[in-house]
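Number of protein chains: 2
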Amino acid sequence: MVSTALLTDHYELTMLQATLADGTAGRRSVFEVFGRRLNGGRRFGVVAGTGRVLDALADFRFDPAEIDFLRSARIVDDTTCDWLADYRFTGDIWGYPEGELWFPGSPILRVDSTFGEGVILETLILSILNHDSAIASAAARMTLAAGDRPCIEMGTRRTHEEAAVASARAAYICGFAATSNLEAGRRYAIPTAGTAAHAFTLVHDTERDAFTSQVASLGSDTTLLVDTYDTAQGVATAIEVGGAALGGVRLDSGDLGDVARTTRAQLDAAGNADTKITVTSDLDEYAIAALAAAPVDGYGVGTSLVTGSGSPTSGFVYKLVAREAGDGTMLGVAKKSKDKASVGGRKTALRRLNSKGVAEAEVIGIDITPRDDGDDRELMVPLVEQGKRVHDATLHDARARLQASLGELPAAARRLSKGDPAIPTIFEEG
Amino acid sequence: MVSTALLTDHYELTMLQATLADGTAGRRSVFEVFGRRLNGGRRFGVVAGTGRVLDALADFRFDPAEIDFLRSARIVDDTTCDWLADYRFTGDIWGYPEGELWFPGSPILRVDSTFGEGVILETLILSILNHDSAIASAAARMTLAAGDRPCIEMGTRRTHEEAAVASARAAYICGFAATSNLEAGRRYAIPTAGTAAHAFTLVHDTERDAFTSQVASLGSDTTLLVDTYDTAQGVATAIEVGGAALGGVRLDSGDLGDVARTTRAQLDAAGNADTKITVTSDLDEYAIAALAAAPVDGYGVGTSLVTGSGSPTSGFVYKLVAREAGDGTMLGVAKKSKDKASVGGRKTALRRLNSKGVAEAEVIGIDITPRDDGDDRELMVPLVEQGKRVHDATLHDARARLQASLGELPAAARRLSKGDPAIPTIFEEG
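Chains A and B supply the protein sequences, listed in that same order.
Be aware that the first sequence starts at 1, since it is given in my numbering, and climbs by one per residue.
Be aware that the second sequence starts at 1, since it is given in my numbering, and climbs by one per residue.
Accuracy of the hints is not assured; some may be wrong.
For identical chains, the list gives no copy identity; a pair is met inside one copy or between any two copies.
[Stated by the list, open to error] Here are the simulated lysine to aspartate or glutamate pairs, EDC-like style, with alpha carbons at most 20 Å apart: (1) Lys-336 / Asp-209; (2) Lys-336 / Asp-274; (3) Lys-276 / Asp-372; (4) Lys-356 / Glu-428; (5) Lys-336 / Asp-282; (6) Lys-336 / Asp-258; (7) Lys-336 / Asp-205; (8) Lys-356 / Asp-372; (9) Lys-388 / Asp-77; (10) Lys-388 / Asp-55; (11) Lys-356 / Asp-258; (12) Lys-336 / Asp-230; (13) Lys-336 / Glu-360; (14) Lys-276 / Glu-162; (15) Lys-336 / Asp-255; (16) Lys-388 / Asp-148; (17) Lys-276 / Asp-255; (18) Lys-418 / Asp-327; (19) Lys-388 / Asp-92.
Just so you know, the hints here were simulated from the structure itself, not pulled from any lab data.
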């Protein structure tokens, strides 16, 4: 694999250079990833990207190509280049598994290492978690709104080509049934799906020719796009061409609720009770919820998903929260910048559940393990121990984790309207 | 290079399969990329990503690894796999060069090829142009607001790790002076820059130790981050440690205008008239404009830039606008979907300029070259001819293009407030 080591900020390496020179690069340190607030008045956030962080960490090495660049561009000095050429992360990383929920202050990832080993991971870890969790946090609201109806991820064309692959992955964690993205199919074994574009109809002499060709080539269980010219006529032609076995039709324009009702009636009258209706066209969680009473069988979601439905990034930060003092003890540290003060100390977290299994609080212990009152659940799991990856949760594990964690939340957490976090965050000190 | 061919949607390949079977895959076709509207009430958009499209096209090939996936996942049939294994784009592509402005309906990219060769490029072309142009359209407003003061791109941590590299590139096209992203430095030779993080101060026993270390390692022309504890004290310490030759200080919290004024006075009183002030902290074009009267020497811009400042995608679509008819002639085609109708026909575009060189309209000819009234400027350039890349504009060319095109706009185009496009779009038919 190509090295991921330069997917980082210039200052990570110059800070390394200065601390190597003065000796503080070797101080034991604790870095923590957390978000100060939930975006957009949401009730919960979803952690995604942890697995990709671990993949990227395995490829985070300074090979000769990277070192040559650093030397020739004079980013850092020779001592630092030599140190980087030998770099392998040898510390520990704990964190929330993918699919877990997060709330303000949740210690989503914790890096225990020397300062030098940990500081240079900041940018890459944040890029992955900020992106993937933003997509997941939107996606989970969409699948909640869709209920039992499948959502298909179709947003590739509206985001960066590699962000699209990561978006498909994050959406799948959140219960999406499939993606249109073939690379996500190859890389992560996510089911892929697709219908047809308007161009397919337009390249044929008639809509009937297009439908006939699609059914002949892909089988009658295919989904025909019926709104290129006149939707009612398109549905009629689809029924004639596909027969009772026609898999589905896709509606991509107009008032989707109205058109779905008309189309359902038209299909049923023709004996196509099993032909499904998929809707697409700028859907977000609110539009999905608004279609709950319409006869829709599935949702194709694009732009809104891959742009985080109004919140394209998570706002996670990566902060030094503790470090070795001159006497060898560990010392909690925090900046005091106005409006951006952070909480020092090594954190551990659990979700407080009542006796009925309903979540009541995110409890974060500062330099202690928080008190478990009997029904609580520990949130952090070991990801890397002494540099070795020890966590290999699958996307199916992550899907299950999300469903279980959502199931613990009080009912109000499912509301799409803006509000406070579903549960409060409580800090406990030793 | 790794193949880019699977960075695409499932349906592109199934449409190919059906059209290969019925023969329409061989019909000559014209596809066009355009946007229906400018996002967020902006006055203009900026085209970026064209060069990346050409890079990606060169790597768009179905090697055995891609074919194996398509076969094993049963995405398409053997005939289609065989066709794809031999695929090389052999058509023509014209488009707007990077740095050019776009308006509603501008034919930003035009692909002339067979249907089969052109349809499978849709998703990848849109991913790149939608992303990069969204970042550029935000970035250009930021550099306009900043005037002569340099902007530095620092958003890597708030977007997907590869989108970050593309964002740095798009920002550079729009006049940003540098990026924090090292991979953008390596891949595109964009200048990189950086200061230090709060963690650097916190890992040291005192702020003075941190500043002393940074100046010793990086020289006194470095920029010190002064707001970890108390900013006034931080500035005082920075002056003592760095002396009159201190390069700069960075302010990352509080009311930046107020803090900049106080800090400037403090620096000047100490004889540090040449020490520059860089501000960071959730800056966008509006915050940059609001700081115009403050004694700020440079802006570091992060989250807002890489998320398109409220418009993270461009909304470009890729539509079949003409294709070969049964009799061999070319026929304009357009869908009639409600609210999404498109304009058929092969487009050519020019920017109408008055005798003083001021832009007055975006003139788009449908199946004709629009009439040049004497001072107009043609907008589309050849990018690929018979499959061969013929366009190699540098990022410096793109920077110059943007400045020249912005210089043509009427003054109102520089307004940050919401409004109509700076110039109207006029369609001319033969």
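Now the hints, each set against the structure:
When the C-alpha separation of Lys-336 and Asp-209 is checked against a cutoff of 20 Å, the pair qualifies only between copies, where the shortest distance is 18 Å, while the shortest distance within a copy is 68 Å. Taking CA atoms no more than 20 Å apart as the test, Lys-336 paired with Asp-274 passes in neither setting, with 62 Å inside one copy and 28 Å between copies. Taking CA atoms no more than 20 Å apart as the test, Lys-276 paired with Asp-372 passes in neither setting, with 49 Å inside one copy and 52 Å between copies. Within a single copy, Lys-356 and Glu-428 get their C-alpha atoms no closer than 23 Å, and across copies no closer than 69 Å, so neither meets the 20 Å cut-off.
Proximity of Lys-336 and Asp-282 under a CA criterion of 20 Å is satisfied inter-copy only: 18 Å between copies versus 43 Å inside one chain copy. In this assembly of identical chains, Lys-336 and Asp-258 lie within 20 Å of each other by CA distance solely across copies; the values are 18 Å between and 55 Å within a copy. In the homo-oligomer, the alpha carbons of Lys-336 and Asp-205 lie at most 20 Å apart only across protomers (15 Å), although the nearest pairing inside one protomer, at 69 Å, exceeds that limit. Only within a single protomer do Lys-356 and Asp-372 lie at most 20 Å apart by alpha-carbon distance; the minimum there is 15 Å, versus 76 Å between protomers.
Within a single copy, Lys-388 and Asp-77 get their C-alpha atoms no closer than 29 Å, and across copies no closer than 42 Å, so neither meets the 20 Å cut-off. For the identical chains of this complex, Lys-388 and Asp-55 are intra-copy neighbours only, at 12 Å inside a copy versus 36 Å across copies, given an alpha-carbon limit of 20 Å. With identical chains, the CA atoms of Lys-356 and Asp-258 are never at most 20 Å apart, being 42 Å at best within one copy and 52 Å at best between copies. Taking CA atoms no more than 20 Å apart as the test, Lys-336 paired with Asp-230 passes between copies only; the shortest distance there is 8 Å, against 62 Å inside one copy.
In this assembly of identical chains, the alpha carbons of Lys-336 and Glu-360 never lie at most 20 Å apart, being 30 Å within a copy and 52 Å across copies at closest. In this assembly of identical chains, Lys-276 and Glu-162 lie within 20 Å of each other by CA distance neither inside one copy nor across copies; the values are 31 Å within and 37 Å between. Taking the shortest Cα distances, Lys-336 and Asp-255 sit within 20 Å of each other only across copies (15 Å), while inside one copy they are farther apart (52 Å). In this homomeric assembly, Lys-388 and Asp-148 never come within 20 Å of each other (Cα to Cα): the closest approach is 39 Å inside a single copy and 49 Å across copies.
Taking the shortest Cα distances, Lys-276 and Asp-255 sit within 20 Å of each other inside one copy (18 Å), while across copies they are farther apart (56 Å). Proximity of Lys-418 to Asp-327 under the C-alpha cut-off of 20 Å is found in neither arrangement, the shortest distances being 48 Å within a copy and 58 Å between copies. Proximity of Lys-388 and Asp-92 under a CA criterion of 20 Å is satisfied intra-copy only: 8 Å inside one chain copy versus 50 Å between copies.
In summary, the numbered hints that this structure violates are 2, 3, 4, 9, 11, 13, 14, 16 and 18.
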